[in-house]
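> Protein chains in written order, with this note's numbering: chain A, 1 to 462; chain B, 1001 to 1304.
Misleading hints may appear alongside valid ones.
Said to hold, decoys possible - Under the rule of at most 16 Å between Cα atoms (straight-line distance), these lysine to aspartate or glutamate pairs were calculated in the EDC-like manner:
1) A:Lys159 <-> A:Glu180
2) A:Lys178 <-> A:Glu188
3) A:Lys138 <-> A:Glu162
4) A:Lys29 <-> A:Glu45
5) B:Lys1269 <-> A:Glu63
6) A:Lys453 <-> A:Glu222
7) A:Lys177 <-> B:Glu1152
8) B:Lys1269 <-> A:Glu55
9) B:Lys1269 <-> A:Glu222
10) B:Lys1137 <-> A:Glu257
11) B:Lys1269 <-> A:Glu58
12) A:Lys103 <-> A:Asp113
13) A:Lys430 <-> B:Asp1075
14) A:Lys326 <-> A:Asp113
15) A:Lys453 <-> A:Glu221
16) A:Lys17 <-> A:Asp43
17) A:Lys178 <-> B:Glu1152
18) A:Lys147 <-> A:Glu166
19) A:Lys241 <-> A:Glu172
Said to hold, decoys possible - The following residues of chain B were derived to be distant from chain A, with all beta-carbon distances above 10 Å:
20) Leu1107
21) Leu1162
22) Phe1268
Stated by the list, open to error - Here are the in silico distance ranges between beta carbons for each label pair:
23) B:Arg1153 <-> A:Lys288: 21 to 27 Å
24) B:Val1030 <-> A:Ile49: 30 to 36 Å
25) B:Asn1292 <-> A:Gly119: 41 to 47 Å
26) A:Tyr154 <-> B:Ala1285: 49 to 55 Å
27) A:Ala458 <-> B:Ile1289: 36 to 42 Å
28) A:Asp283 <-> B:Leu1035: 55 to 61 Å
29) A:Gly417 <-> B:Pro1029: 44 to 50 Å
30) B:Phe1063 <-> A:Asn363: 31 to 37 Å
31) B:Arg1109 <-> A:Ile49: 50 to 56 Å
32) B:Leu1116 <-> A:Gln265: 38 to 44 Å
33) A:Trp329 <-> B:Pro1029: 56 to 62 Å
34) B:Phe1241 <-> A:Gly120: 38 to 44 Å
Keep in mind that the hints were calculated from the coordinates and are not lab data.
Positions of the beta carbon are idealized from the N, C-alpha and C atoms, including for glycine.
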Amino acid sequence: MVSLFLLGVASCAQAVKLVVIGDAGHNLKPFEWYAQTFKEKFDVELEVIGVPFGEVYEKEKMELIGQTGAYDIMIVFPKFLAEFAANGWLYPLDEFIAKLDPKMEDVTPGYRDFYCKYGGKVYALPYDGDILNLYYRKDLLENEEEKANFKAKYGYDLKVPETWDEFLNVAEFFTRKKGEKLAGQVLERAFYGTAYYGQKDQIFAWWGNIFSSLGGVYFNEETMEPGINSEAGVKALEIMKTMHQYCPPDVLAYGYEELKDVFLQGDCFMVVQWPCVGKKGADANQSKIVGKIGVAHVPGVKKDGEIYYRPLMPCGRVLAIAAESKDPWKAYQVIQYLSLETSLDDVSTAETGLDPYRYSHFNHPEAYEMFENVEDAKIYLAGVQQNMEKGYPEMVLPGTVEYEETLGVEISRALSGEKTPKQALDDAAKAWTEILNRLGKENQKKMYQELVKGWRAAGLWE
Amino acid sequence: MGIPTRFLFGGVLMRKKRISVVALLFVLPVIAILLAISIFPLIYSFYLSLCQWDIGTGASRTFIGARNYLRLFTDARLWGALRNTGLELLLGVGSQFLLGLALALLLNRPFRGRNLVVTLFLLPMMISPVVVGCIWKIIYHYQYGPLNFLLERLKLNSVNWLGSNQVSIYSIILADIWEWTPFVMITLLAGLQAIPDELYEAARVDGATRLGTFFWVVLPLLRPVMIIAILIRVMDAFKIFDLVALLTMGGPGQSSETIAFYNYLTGFKYFSMGYASSMAYLQLAIIVIIANVFLKSWKGREIS
Chain A
1 MVSLFLLGVA SCAQAVKLVV IGDAGHNLKP FEWYAQTFKE KFDVELEVIG
51 VPFGEVYEKE KMELIGQTGA YDIMIVFPKF LAEFAANGWL YPLDEFIAKL
101 DPKMEDVTPG YRDFYCKYGG KVYALPYDGD ILNLYYRKDL LENEEEKANF
151 KAKYGYDLKV PETWDEFLNV AEFFTRKKGE KLAGQVLERA FYGTAYYGQK
201 DQIFAWWGNI FSSLGGVYFN EETMEPGINS EAGVKALEIM KTMHQYCPPD
251 VLAYGYEELK DVFLQGDCFM VVQWPCVGKK GADANQSKIV GKIGVAHVPG
301 VKKDGEIYYR PLMPCGRVLA IAAESKDPWK AYQVIQYLSL ETSLDDVSTA
351 ETGLDPYRYS HFNHPEAYEM FENVEDAKIY LAGVQQNMEK GYPEMVLPGT
401 VEYEETLGVE ISRALSGEKT PKQALDDAAK AWTEILNRLG KENQKKMYQE
451 LVKGWRAAGL WE
Chain B
1001 MGIPTRFLFG GVLMRKKRIS VVALLFVLPV IAILLAISIF PLIYSFYLSL
1051 CQWDIGTGAS RTFIGARNYL RLFTDARLWG ALRNTGLELL LGVGSQFLLG
1101 LALALLLNRP FRGRNLVVTL FLLPMMISPV VVGCIWKIIY HYQYGPLNFL
1151 LERLKLNSVN WLGSNQVSIY SIILADIWEW TPFVMITLLA GLQAIPDELY
1201 EAARVDGATR LGTFFWVVLP LLRPVMIIAI LIRVMDAFKI FDLVALLTMG
1251 GPGQSSETIA FYNYLTGFKY FSMGYASSMA YLQLAIIVII ANVFLKSWKG
1301 REIS
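For reference, chain A alone in the conformation it holds in the complex (with noise of 0.2 Å):
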């Protein structure tokens, strides 16, 4: 009877065992950092499962789909979001929301009405907002032999490249040889003006910063007629084309990484990338040009003398619950606990690439210490900031990881000289038009023109 009751109670101390999953490394370390807080507050014990970044969906899709209950929370990537929920993978928050209040008031309207949301419904909590800036060197735009020489060449003052055309005269004067003078010093091996993120996965956001500005559109909202081969889009491509001969020869391998450290290895001049970036760039740990980092806004093009820019939101990160889990309420409990009580701490430290996605993320300049003032945090919180209040979304419908990476294959082959723009970008159409009609066209378009609606109402769509 004792050893009854002992074993009774045991089972109720016991805390309850939750498995998260998500991509591998920093972006963890918060599950890592606040296990024993969760254990204290929650009587949850996290058994955390990094995997590749690529290979994040699957494995996810592969367990939804057998319902095996293998995950209870899941980093997702937002993209996915609309079909785990269209799929009935994923436990529905509003209930919870109710209960235990995530203030998403506080978060970004991208992030809050379309990365967290399906069919009116909240499945996921914010935890990484990922947009897309420009990054550069401002000690090299402020040195004067530098500004000298490229009035002499260009006919107008070296600033901070606005429109596409001011970017590849930038990018085109900083390429620099070996033995090749910059800022006064002979190089030791060769400089850069650019890069970009070159592998298939990605590639399509740094050519879709070009094509969103210049009026693109991912389909038709009718006929659903692919916009990808619009003359916006072979523009931007041959944009892309020109920006190619300033970028390391090996840009089209790039991925996350490689891109990050060619700029903070002090061998690129600018870069467009996630904001984890400057927040890396500014920790002597992980960076050769600290404090010499300005952030600005993505280029655009001169419309009614404005600049139009839209810099692409690929990737992000939100928070969910799988259907099967074995104890929804305490996991909502705890992703409820990164998104609002420690995201300020998460999104502010070097360590991880989370990045920020409420406005108080972008109110407390002073929690971001690895500047070396609050004032260049100010900066780069401002720079963070004008870049997301125009942020172009990502398409967030069933097949989407097919459409972007039949389209990289096709940017990447016309980079590397296989075809032309036009020849590569009508390739892309054809192939999208396949995997539209074999997706079921007439679901896809009612889902596509409900993105649209929702973009529309965000201000985020013309």
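Given the structure of chain A, go ahead and fit chain B onto it with the hints provided.
This is chain B only, laid out in the frame that chain A set:
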């Protein structure tokens, strides 16, 4: 009075039946496991290859007959992947064989420290494929990699190992050669060691030169082992995935995409399960044809 035959044989029959039932019971678990992990997936995946099933849309399986197989013929990306795989088989496995044979011949003689040297040569094969991919990613780095550093020191131009659509597939092949030549070497070395010394002596006595001995004594006797080594490498090389995933993700464009990698993308990124299954069966058919050619060649040698 003897025991009636029918009872005698009936008894034996009963005992045989009992033994058969017992034997079956012992074998049943293995049969069940084989059915579960081998036969059932084979049959089910073949059925899937005759269906359209895009899991991502939540759609159910729809039987479409041979349409997935017909789609294979018009899929340009598939043929590009097959071309890259063919290059890997010809260049990669071919080089592994030639290098492996040369190393095996060099190591097939006693010398001091031979065992240590053989062990060192085996190291690449013992490293986890993922680690091999990571090592070669660093080696191939355009700016910081040791390979381009060496080329620069020799006053040669740096090579765009991973970022050029003309070079990337060869970079993968080179890494594969480094990793698997030791396997061919050790297999052929074992074959060489099995050749009796008397045959070498007899050849010497008959006045054969070293080259003659190699072509008329060693090669014929080594042939079965060579066929096995090449066959195993061909089957493995056909499935090459880890180096592609770690080094280039099949890029730039599709220039280093192999059939196994494209199959993985189709099945586990795009979740087009029916089409991915048909692709897997195409690969199976190709491997079976290649294996049959090799095995017929081996059997032909045995008959002669």
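> Could you run down the list of hints and mark each one as holding or not?
Status of each hint after checking the structure:
1. A:Lys159 <-> A:Glu180: violated, 22 Å
2. A:Lys178 <-> A:Glu188: Roughly 5 Å separates the two Cα atoms, so the pair holds.
3. A:Lys138 <-> A:Glu162: Holds, at about 15 Å.
4. A:Lys29 <-> A:Glu45: Holds, at about 15 Å.
5. B:Lys1269 <-> A:Glu63: Cα-Cα ~14 Å, so holds.
6. A:Lys453 <-> A:Glu222: holds, 13 Å
7. A:Lys177 <-> B:Glu1152: holds, 14 Å
8. B:Lys1269 <-> A:Glu55: Holds - the C-alpha atoms of Glu55 of chain A and Lys1269 of chain B are around 8 Å apart, at most 16 Å.
9. B:Lys1269 <-> A:Glu222: Not satisfied, since the Cα-Cα distance of roughly 28 Å exceeds 16 Å.
10. B:Lys1137 <-> A:Glu257: holds, 12 Å
11. B:Lys1269 <-> A:Glu58: Holds, at about 6 Å.
12. A:Lys103 <-> A:Asp113: holds, 13 Å
13. A:Lys430 <-> B:Asp1075: Measuring from Cα to Cα gives roughly 12 Å; hence the hint holds.
14. A:Lys326 <-> A:Asp113: violated, 28 Å
15. A:Lys453 <-> A:Glu221: holds, 10 Å
16. A:Lys17 <-> A:Asp43: Cα-Cα ~9 Å, so holds.
17. A:Lys178 <-> B:Glu1152: holds, 12 Å
18. A:Lys147 <-> A:Glu166: holds, 14 Å
19. A:Lys241 <-> A:Glu172: With Cα atoms ~13 Å apart, Lys241 of chain A and Glu172 of chain A stay inside 16 Å; holds.
20. Leu1107: For Leu1107 of chain B, whose nearest Cβ neighbour in chain A is about 36 Å away, the distance exceeds 10 Å, so it holds.
21. Leu1162: The claim breaks: Leu1162 of chain B does not keep its Cβ more than 10 Å from every Cβ of chain A (closest is about 4 Å).
22. Phe1268: Given a closest Cβ separation of 4 Å, the condition is violated.
23. B:Arg1153 <-> A:Lys288: 21 to 27 Å: holds, 24 Å
24. B:Val1030 <-> A:Ile49: 30 to 36 Å: Since the Cβ atoms of Val1030 of chain B and Ile49 of chain A sit about 33 Å apart, the hinted range of 30 to 36 Å holds.
25. B:Asn1292 <-> A:Gly119: 41 to 47 Å: violated, 54 Å
26. A:Tyr154 <-> B:Ala1285: 49 to 55 Å: Given range 49 to 55 Å: violated, Cβ gap about 60 Å.
27. A:Ala458 <-> B:Ile1289: 36 to 42 Å: violated, 57 Å
28. A:Asp283 <-> B:Leu1035: 55 to 61 Å: Check passed, 56 Å falls within 55 to 61 Å.
29. A:Gly417 <-> B:Pro1029: 44 to 50 Å: Violated, at about 58 Å.
30. B:Phe1063 <-> A:Asn363: 31 to 37 Å: Since the Cβ atoms of Phe1063 of chain B and Asn363 of chain A sit about 58 Å apart, the hinted range of 31 to 37 Å is violated.
31. B:Arg1109 <-> A:Ile49: 50 to 56 Å: holds, 51 Å
32. B:Leu1116 <-> A:Gln265: 38 to 44 Å: holds, 39 Å
33. A:Trp329 <-> B:Pro1029: 56 to 62 Å: violated, 42 Å
34. B:Phe1241 <-> A:Gly120: 38 to 44 Å: holds, 41 Å
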